[in-house]
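We have chain H; now place chain G onto it with these hints.
If you read the protein sequences in the order shown, they are chains H and G.
Just remember that my numbering sits 5 ahead of the position in the first sequence, which is counted from 1.
Just remember that my numbering sits 5 ahead of the position in the second sequence, which is counted from 1.
What the hints contain is simulated information worked out from the structure, not anything from laboratory work.
Among the hints, a few may not be true.
Pairs involving identical chains hold if they fit within one copy or between any two copies, as the list cannot separate such chains.
Derived DMTMM-like pairs: lysine to aspartate or glutamate, alpha-carbon spacing no greater than 20 Å straight-line [what the hints assert, rightly or not]: (1) Lys271 with Asp320; (2) Lys317 with Glu71; (3) Lys133 with Asp275; (4) Lys166 with Glu96; (5) Lys166 with Asp188.
Predicted model, so just to flag it, every value in this text is computed and none were measured.
Number of protein chains: 2
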Amino acid sequence: MENFADRLVRACAEKDSIVVVGIDPRLDLLPSSLVRSALKTHGETLEGAAAAFAEFGRRVIDAVAEFAVAVKPQSAFFEMLGPAGMEALREVIGHAHQAGLLVIADVKRSDIASTAEAYAQGYLGEVKIGSTVLRPWGADAVTVNPYLGSDGLLPFIRCAKEQGGGVFVLVKTSNPSSHELQDLIGAPKRNPARGGAPGRPIYERLGEWVAEHAADLMGASGYSSLGAVVGATYPEQLARLRELMPRNLILIPGYGAQGGAAADVKCALDKNGLGAAVNASRSVIFAWRDETRSAAGGEKRWMDSVRAAARKMRDELNEVRR
Amino acid sequence: MENFADRLVRACAEKDSIVVVGIDPRLDLLPSSLVRSALKTHGETLEGAAAAFAEFGRRVIDAVAEFAVAVKPQSAFFEMLGPAGMEALREVIGHAHQAGLLVIADVKRSDIASTAEAYAQGYLGEVKIGSTVLRPWGADAVTVNPYLGSDGLLPFIRCAKEQGGGVFVLVKTSNPSSHELQDLIGAPKRNPARGGAPGRPIYERLGEWVAEHAADLMGASGYSSLGAVVGATYPEQLARLRELMPRNLILIPGYGAQGGAAADVKCALDKNGLGAAVNASRSVIFAWRDETRSAAGGEKRWMDSVRAAARKMRDELNEVRR
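The following block holds chain H by itself, in its conformation from the complex (with noise of 0.2 Å):
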């Protein structure tokens, strides 16, 4: 399979976009239409809940294929309903691909050797069962949490080297408390620096790393799959992640409704407006939820107003591309 950096370049270069749409199902948030018809059909279980989340699934990727180069689904309110949950996630995965999208499965996994190795091979690679050789998941690209150290980072770069897939490394969350861990300035032991310059935030020295081990899974497009996530409701250390990540992919969450903007995310993209991508879920998948007393028509035409959601995103973020 083809570098996953190239595949995501391409895709936006293509499309004209660097939107991506996070899949985050949650009962009662979905179309009151599409809940009650799924639990009619399979009762008021774990199934018949997850089937209403593949349906919308399904029915939101329809209406942002076009505006999107991919999806995130969000393992857990899929894992929240119990293994039925996971089929439906599987579902959504291969929908997404007869869509013509990349999937990035947001399942911010940490573990170590063999364990990790587990995951990344059930997430992005194959699973050899007998002489059968099956995918079962076949996710594009995943996100990893680094907190067990490069034992936990490299059997996912080892696998998607093999696989073409890309592994998008936690760096600087955009939720309000990643500061408490990541932002300390943080010095090793035993280093001289300790008594006088002050250290680095976490933050950096992962970047650092993730920098260092660009070249693993480096594409034709001059980007690695080796990528970070860095939110974009922290635009100084964005900036800064870019300067130490100059040939990663970076992966920005926090557009929408956590409070990123359009401008925030600039200094993270290239002359030609690539190198990122920029995701917003709640924003775009639930847009009609807004407009429900509005003109606009709320619930009864919910797939357009996710549809007009992801191509204002999509806009906005051009504004700033050009």
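For chain G alone, kept in the frame of chain H given last:
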């Protein structure tokens, strides 16, 4: 539901054991007759492999139930088989409960706000679908990763409080590269200590956070269901963290195959030999693999071997608990 710490401490006292057995199935390491039989029934499919995992998990549970207080299924290996693997995970959890064991789902999840809440509700709690309330996974406790800060931890604590569940925060993990991030000496940016005092290791800061929040999940046993994961492979840090976290449960992985020994964990136990639980995976569940050519019988009597390894581990640990 009764507080998790109280349930765990009581089980340790009643069974005179602090053993947790990790359920880490891997197709190439399972008893070959068991795999053959599952693939014969289900074909060379993910379902076939998942059936082998479920059967292996059930039999390991039956073999160790007398000597262990809990099992710790490693989600990665089940997820590697897609949704079918997740169904096997659910079966293993249910079987452990039937066998009277607690279940710590080793998921190491990390996310924020409503997303963290979804993970917590899924693994520890309940989901409401229409007017029906269901328990998707039914684990007693989960492992969580702290990289995202308290936004990512508090939703788990809230759910655990409602449900009588347990939460083990990764503080100092057992793997060789855990020092890269966890041992950095960290200080807040504006801390005046920065010019003089040396700051503290990241794992100590997290240990303090865990200790500060112990009261949120305190049990009648005097232990909190807000626990920490600290590897047996780092006995000095374990001793230091026990000082910092006198009332938190400690889950200690890294025993056996990873190199931790009974003497290394003594410092985490109170005068009654309680307050911590020790996990081994490979050295118990694959004990028979080292014996294949020996008089012990190897694969043919693999359950006997697993049972003997669990008993031996219990006895070794009880030596240092007295």
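Item to complete: At 20 Å max between alpha carbons, let me know whether lysine 166 reaches aspartate 188 within a copy, between copies, both or neither.
Response: neither (30 Å within a copy, 29 Å between copies)
Worksheet item: Between copies, within a copy, both or neither: which fits lysine 166 and glutamate 96 at Cα up to 20 Å?
Response: Cα proximity of lysine 166 and glutamate 96: none, with 25 Å in one copy and 34 Å across.
Fill in: lysine 133 and aspartate 275: within-copy, between-copy, both or neither at 20 Å Cα
neither (40 Å within a copy, 46 Å between copies)
Item to complete: Go through the copies and call it for lysine 271 and aspartate 320: within, between, both or neither, with a Cα cutoff of 20 Å.
Response: Only inside one copy: lysine 271 and aspartate 320 sit 13 Å apart there, 61 Å across copies, limit 20 Å.
Worksheet entry | 20 Å Cα threshold - placement of glutamate 71 relative to lysine 317 | Within one copy, since 12 Å is at most 20 Å while 61 Å is not.
Going through the hint list in order, the structure does not satisfy hints 3, 4 and 5.
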